[in-house]
Amino acid sequence: ETGVTQTPRHLVMGMTNKKSLKCEQHLGHNAMYWYKQSAKKPLELMFVYNFKEQTENNSVPSRFSPECPNSSHLFLHLHTLQPEDSALYLCASSGPEEKDRKSSNQPQHFGDGTRLSIL
Amino acid sequence: AQKITQTQPGMFVQEKEAVTLDCTYDTSDPSYGLFWYKQPSSGEMIFLIYQGSYDQQNATEGRYSLNFQKARKSANLVISASQLGDSAMYFCAMRDRLRGNTGKLIFGQGTTLQVKP
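Here the protein sequences line up with chains D and Y, keeping their order. Just so you know, my numbering puts 104 at position 104 of the first sequence, and the rest follows in order with no gaps. Here my numbering runs 1000 ahead of the position in the second sequence, where the first position is 1.
Read the hints as simulated data drawn from the structure, not as lab findings. For glycine and all other residues, C-beta sits at the position ideal for the given N, C-alpha and C. One should not assume that every hint holds.
To be verified - Some residues of chain Y that are not near chain D, with every Cβ distance over 10 Å (derived):
no.	residue
1	I1004
2	E1044
3	A1088
Said to hold, decoys possible - What follows is a set of in silico ranges between Cβ atoms, one per label pair, in the way DEER data are often shown:
no.	chain 1	residue 1	chain 2	residue 2	range
4	Y	A1081	D	T7	18 to 28 Å
5	D	E84	Y	Q1057	24 to 34 Å
6	D	S117	Y	E1061	46 to 56 Å
To be verified - Chain D stretches covered by chain Y per the calculated footprint, using a threshold of three residues with CB under 8 Å from any CB of chain Y:
no.	stretch
7	33–45
8	76–84
9	106–116
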C-alpha cells in the first residue's frame, strides 16, 4: 500500500458538473494538504488540515470545497469549475515535528496527483 | 516574505556525470527547513533530501547531496553519477519553523533535468 493515494488519477468534467477528489494516507500523519500545479507554474498551496481542522485556506475560490473527516482522509469537492482550473491537483501529508529539532524537518509526502481537465 | 528561486529552467547532463541544480531562498526566520523534490513526467512528487537551517553538516542521501551555504542563502542540489532515470523536474522548497509541521511549503519554479545517454 503506497503512502498517499489519490483517486481518480485523471478526471475530465464539464463546468456544470460536481465531482470530488479523494486522498488517503497510510502514514499515520496528522497534517494533510491540497496543492494545485498549473503548467509552467510553481505548486500553489490551497488548503491545510491539522488533526481534521482546517488551518489554512490560501484564498481559494469557493468552487473548491475541502473536507477532512479524519486525519487519514481528505477530499476536494469541485463545483462549477472554470477552464483555468485545469491542472494537476496534488495531495500531501506530513507528521509531527521532532521536539528537539530547531528546524522544521518533516517532509511532506505526496500522492500521484489527479490530472483535472475542465471542458 | 519567504521566496524560493530556481534560475535554471532546464539543464542537460551526460549520463554518469555530476550535475548541480541551483536554489536560492529568502527568509527572515532563523529556523527553517529546505527540501528538494523530484517530479517525473508521471506527476508524483518524490522527496529527495532535507537540510535544516541549524544543521552543521551538508545533507547527503545516496547520490544526492545538498551544498548548503547559509550566508549566501543557497541550497544547491548535487546529483552524482547521473542516471537516465534522473530525468525529471526538480523542485526546491522551504518551510519555516514558526508554523510547525503544518507550515506553508514554498516551492521554486522548478528545473527540468534531462540526462543524455
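Here is what the structure says about each hint:
Residue-level check failed: I1004/Y sits 8 Å from the nearest beta carbon of chain D, not beyond 10 Å. For E1044/Y, the condition that its CB be more than 10 Å from all CB atoms of chain D is violated, with the nearest at approximately 4 Å. The claim that A1088/Y lies off the interface holds: its Cβ sits roughly 13 Å from the closest Cβ of chain D, which is beyond the 10 Å cut-off. At roughly 36 Å, the beta-carbon separation of A1081/Y and T7/D lies outside the given 18 to 28 Å, and the hint is violated.
Take E84/D and Q1057/Y: their Cβ atoms lie about 44 Å apart, and the range 24 to 34 Å is violated. One distance hint, 46 to 56 Å for the beta-carbon pair S117/D and E1061/Y, is violated here, with the actual separation near 35 Å. Counting residues of the stretch 33–45 of chain D whose beta carbon lies closer than 8 Å to any beta carbon of chain Y gives 5, which reaches the threshold of three, so the coverage claim holds. Given a C-beta distance limit of less than 8 Å, the hint that chain Y covers the stretch 76–84 of chain D is violated, as 0 residues qualify and 3 are needed.
Proximity of the stretch 106–116 of chain D to chain Y, defined as three or more residues with a beta carbon under 8 Å from a beta carbon of that chain, is established by the 9 residues found.
Violated hints, listed in ascending order, are 1, 2, 4, 5, 6 and 8; each of the other numbered hints is respected by the structure.
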